[in-house]
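Protein chains: 2
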Amino acid sequence: MVHYHKIDDYKYSDELENYRREHKKLSLLLSVTRNISQELEIDRLLMLIMDEVKKALNCDRCTVFILDRDKKELWSKVAHGEKEIRFSSHLGIAGYVASTGEILNIEDAYSDERFNPNIDKKTGYRTRNILNAPLRNKKGEIIGVFQTLNKKGGAFTKDDEELLSAIAVLSASQIENAQLYEEQIKTFDSFLETLASTIDARDPLTSGHSKRIAMYTDEIAKIIGLDDHKRRILKISSLLHDYGKIAIREAVLTKEGELSNEEFEHIKEHSNYTKSILERINFSRELRDVPLIASSHHENLDGSGYPKGLKDKEIPSLSKIIAVADVFDALSSKRHYRERMNFPELIKVLSDGAGTKFKDVYIEALKRISLDNIVIIMEDGNKHKIDPKDLEILSSYNMNDLLHSGEKGNRELKVLFNKYYLRKHRRENIREHNEKNNKH
Amino acid sequence: MVHYHKIDDYKYSDELENYRREHKKLSLLLSVTRNISQELEIDRLLMLIMDEVKKALNCDRCTVFILDRDKKELWSKVAHGEKEIRFSSHLGIAGYVASTGEILNIEDAYSDERFNPNIDKKTGYRTRNILNAPLRNKKGEIIGVFQTLNKKGGAFTKDDEELLSAIAVLSASQIENAQLYEEQIKTFDSFLETLASTIDARDPLTSGHSKRIAMYTDEIAKIIGLDDHKRRILKISSLLHDYGKIAIREAVLTKEGELSNEEFEHIKEHSNYTKSILERINFSRELRDVPLIASSHHENLDGSGYPKGLKDKEIPSLSKIIAVADVFDALSSKRHYRERMNFPELIKVLSDGAGTKFKDVYIEALKRISLDNIVIIMEDGNKHKIDPKDLEILSSYNMNDLLHSGEKGNRELKVLFNKYYLRKHRRENIREHNEKNNKH
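So the protein sequences, as listed, match chains A and B.
Just add 281 to wherever you are in the first sequence, counting from 1, and you've got this note's numbering.
Just add 281 to wherever you are in the second sequence, counting from 1, and you've got this note's numbering.
Looking at chain A on its own, in the form it has when it is part of the complex (with noise of 0.2 Å):
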C-alpha cells in the first residue's frame, strides 16, 4: 500500500510539473502573441517585439535582426539603446544562425569562437550568454534573427529554446505582413511623388513644386506637433494640391508674360479640377478628405478666395497650412509672368496676408523652420549639393533670424542664405531657357 501510493504520487506530481510548466510556456506565448499581432507598422513591431521577449525569456536585451536579401545582409534598425546595425550576413552568432538555421544556446559567450568581443568593447557591454533563432516565414524561409542576452539568474534553458522558437514563428508572420503592409505604402507615396513631379513639370518653371511644399509642410508640422496620422494626410495633400493642373491647357500654364482674365479664371480652375478628380478615387478612412484638404490651398480665412469662397473656420486646418507653404514656395521661385522676388519681400507679402489670408500661427512656424531644412529644401530634397559645413551653420538659425540678421549683427547669415537662394533662381533661369529653345 505504501509502496503503491509512491508511485502514484512520483507519477502524479512528474506529470502535474510538466503540465505546470508547460502552461506557463503556452500563456506567456499566447500573451507575447496576443501584443504582437496587434501593431502593423514595422519599427514599432520590431520595438515592441524585443519587448516582448525581453520579458518572457527574462533576460537583458533582445535584438530582432532582419535578413535584407538583396544586400545579403542583417540589419536591426531600433536594438535596444542603439542605432540603425547593419553587418554581413554571415558574420558573428547571428550570422551562423541565418546561414544555418540552428538554435544557438551558448553559455559562455567569450568561450565561443564565432563570438565578436569587439562589440562589447565598443559598447561597455558584458555579454555573459546567448539564445539565438531564426525567423523563418510560411514557406520556411529565414527572414532573420533573434537575438537573446544574459539570462537573468543563470543560463538559457532547454524552455527557453522552446519558447524563444514558438514566439520566432508568430513573429516571423506578423513582421512580414508589416513589411507587405510598408510595402504597400512605400509603392503608393513613392507613386504620389512621382505622379506630382510628372504634373509639375510640365512647366519648367514649377518643376519639383509640389514635392518642395510637401517638405515645407512637414517642416511646419513638425513644429506645431501634428500627429504623425495628420502628417500623412498632410503630405499626401500637398503631394496632389495641384493635380488638377493636369486638365490646363499646356499654352496657359506656360505662357510667357501676364495671363489674360480668362487665362488666370482657367488657371483657377485646377483647384476644382483637383477636387473632382481626387473623389473619384476610393480613399481609405484614414484618407478620406484628401480631396477636400487638397483643393482648399487657394481659399483666404477672409473669404476671397477660391474655388468656393470659404472663411476662416470652414477651411481645413491642413489646407491653410499647404497655403502658406504654397505661397512661400510660389514666390521664392520664378513665374512666367514675374521676376523673382528677393528675401526680405516675400517675407513682407506673407506676413501682410496674415490674418486676412493666411493663418499667422502657420506663418509664424514656417518662419521657424532651421535655415539648413529651408535651403535643402529649395535644392528639392538634395542635401548632398549642398557644403555640409553651410548646413552646420545654417541649422542654428531660422528666418526669424535673418529677417532680422542686422540687430543679430550676423550680416554673413545673410551672404551664406542668399548663396543658396541666388542657386535656385539661376537653376530656374536656365531651365526657362532651354524651354524657349525648345519651343522655337
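These are computed hints drawn from the structure, not numbers from a lab.
All C-beta atoms, glycine included, are put in the ideal place defined by N, C-alpha and C.
A portion of the hints provided could be inaccurate.
As a list, the in silico DSS-like pairs of lysine-lysine whose alpha-carbon atoms are at most 27 Å apart [what the hints assert, rightly or not]:
id: 1; chain 1: B; residue 1: K305; chain 2: A; residue 2: K306
id: 2; chain 1: B; residue 1: K335; chain 2: A; residue 2: K419
id: 3; chain 1: B; residue 1: K467; chain 2: A; residue 2: K556
id: 4; chain 1: B; residue 1: K432; chain 2: B; residue 2: K403
id: 5; chain 1: A; residue 1: K420; chain 2: B; residue 2: K511
id: 6; chain 1: B; residue 1: K439; chain 2: A; residue 2: K306
Quick list of the computed label-pair ranges, beta carbon to beta carbon [claimed, not checked]:
id: 7; chain 1: A; residue 1: P669; chain 2: B; residue 2: R350; range: 48 to 58 Å
id: 8; chain 1: A; residue 1: K549; chain 2: B; residue 2: H714; range: 47 to 57 Å
id: 9; chain 1: A; residue 1: G434; chain 2: B; residue 2: A436; range: 42 to 52 Å
id: 10; chain 1: B; residue 1: R530; chain 2: A; residue 2: G590; range: 27 to 37 Å
id: 11; chain 1: B; residue 1: R530; chain 2: A; residue 2: E546; range: 16 to 26 Å
id: 12; chain 1: B; residue 1: D401; chain 2: A; residue 2: G434; range: 55 to 65 Å
id: 13; chain 1: A; residue 1: N715; chain 2: B; residue 2: K467; range: 34 to 44 Å
id: 14; chain 1: B; residue 1: R350; chain 2: A; residue 2: G434; range: 48 to 58 Å
Fit chain B to the supplied structure of chain A, relying on the hints for placement.
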C-alpha cells in the same frame, strides 16, 4: 494513512484535470493563431478563421460577421456553403451580440425568441445550438461577431466560450490588419485608375482607353489561366501603359488628320517616358517589373517595334498581352488621323499581325472573350447601360462566332453586336465634335 492517501489523490487528480483541460485549450488557441497569423488577404483570412474555429470547437458551422459601421450592417462574404449575407446590425442573435458585446451560448435555438427560424427554412439547415462571441479591436470597439452552430455531440461548454473569446481577440487583430492592408491596396489601385483616366482624357478620343485595356487584358488573363499575382501585375501595367503620354505635347496628341514623321516620332517617345517615369517609383518587390512590362507594349515579335526593338523572347509575356488588347481597343475606337474600322476589318489587322507583331495565342484568347464582356468593356465597364436581355444572348458567344456568324446562321448576333459597336462610335463622334467647338 489511507485517508491521507485518498485526499492527496483527489487533490492531484483535480489539479491535473484542470491543467489538462487548460493545456488542450491553450494548444488549440496557439494552433489557430499560428495558422491565421500567416494570412493577410482578407477573403482568404476569413475563410481560414472559419475553418479553424470549426475544427477547434468541434462544431458544424462557423461564420464571421463583419460590422460595417457606415451602413450599420453585419456582413459575411464567405459563409460555408452560402453567398454574401448582409443584414441590419441589430437583427437576430448576431445583431444582439454586436450591440451588447455579450457572449451568447444558446442550448436550444428554437426556444430563443431572438433566433430567426426563417433562415433554416430557406436553407434547409437545422440549427440546434448556437455560440456567439463579439470580435473587438485593440480599442475595445466591436468590429464583428463570431457565430458557431451545432456543437458535435452535445451543447457548447464553458470551455468553448472561453476558447472562442480568446480566438476572437486574436482574430480581431488579424482581421483589422487585413482590412488596413486591403484598404491600402484598394486606394492604390483606384488611384491608378483615376490617374489613367485623367491622362487618357487629355485627348477626348482616347478617353477611357487605359481602363478598357486593363479590362481586356484581365479577360485574356482569365482565359489563359494566369494566377492572381500575375493578374495584378498585368492590371497595373495595363493601367499605366500610356502614363508617358503625360509628357507628350497637347498639340500633337490631339492633332486632326495625319501626323508628320516628326510628330509621330514624338508620340512614339511616350513608351520611353512611361519607362523612365515608372522607374522612378519605388515599386514593391511584387510590382518590380511593372515599368518594363508597361513600356514594352509597342514591341513586335519580329523586332520591328519600339522603343527598343526587342524580339520575341526578349519581350515580357505580359507586354504581349497588353499589345493585343491595345491594338484591339485602338482599332475599335475612332482616331483623329483615321476613320473608324468595321469589325471584320479590325480582326483582319490583328490576324495579319499574328506571329510577326502579336503572339498568336493571345489573339486567340482575345477572340474567346464572351461578347457580353466585350460589349461591357466597350461601354467603359458601365454594365447598367446595356439591355440585360442583350447581355444574356451575347454571353453565349465570342468573337469567333461573330466572324463566322454566316456559317452558324446567326446573322442576328451580328446585328445585336453592331448595335453596341455603333453606339460607341456615336459617343466618340460627339466627343470629337465638342472638342472642336471648345478649340474654336
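Which hints from the list above does the structure break, by number from lowest to highest? 8
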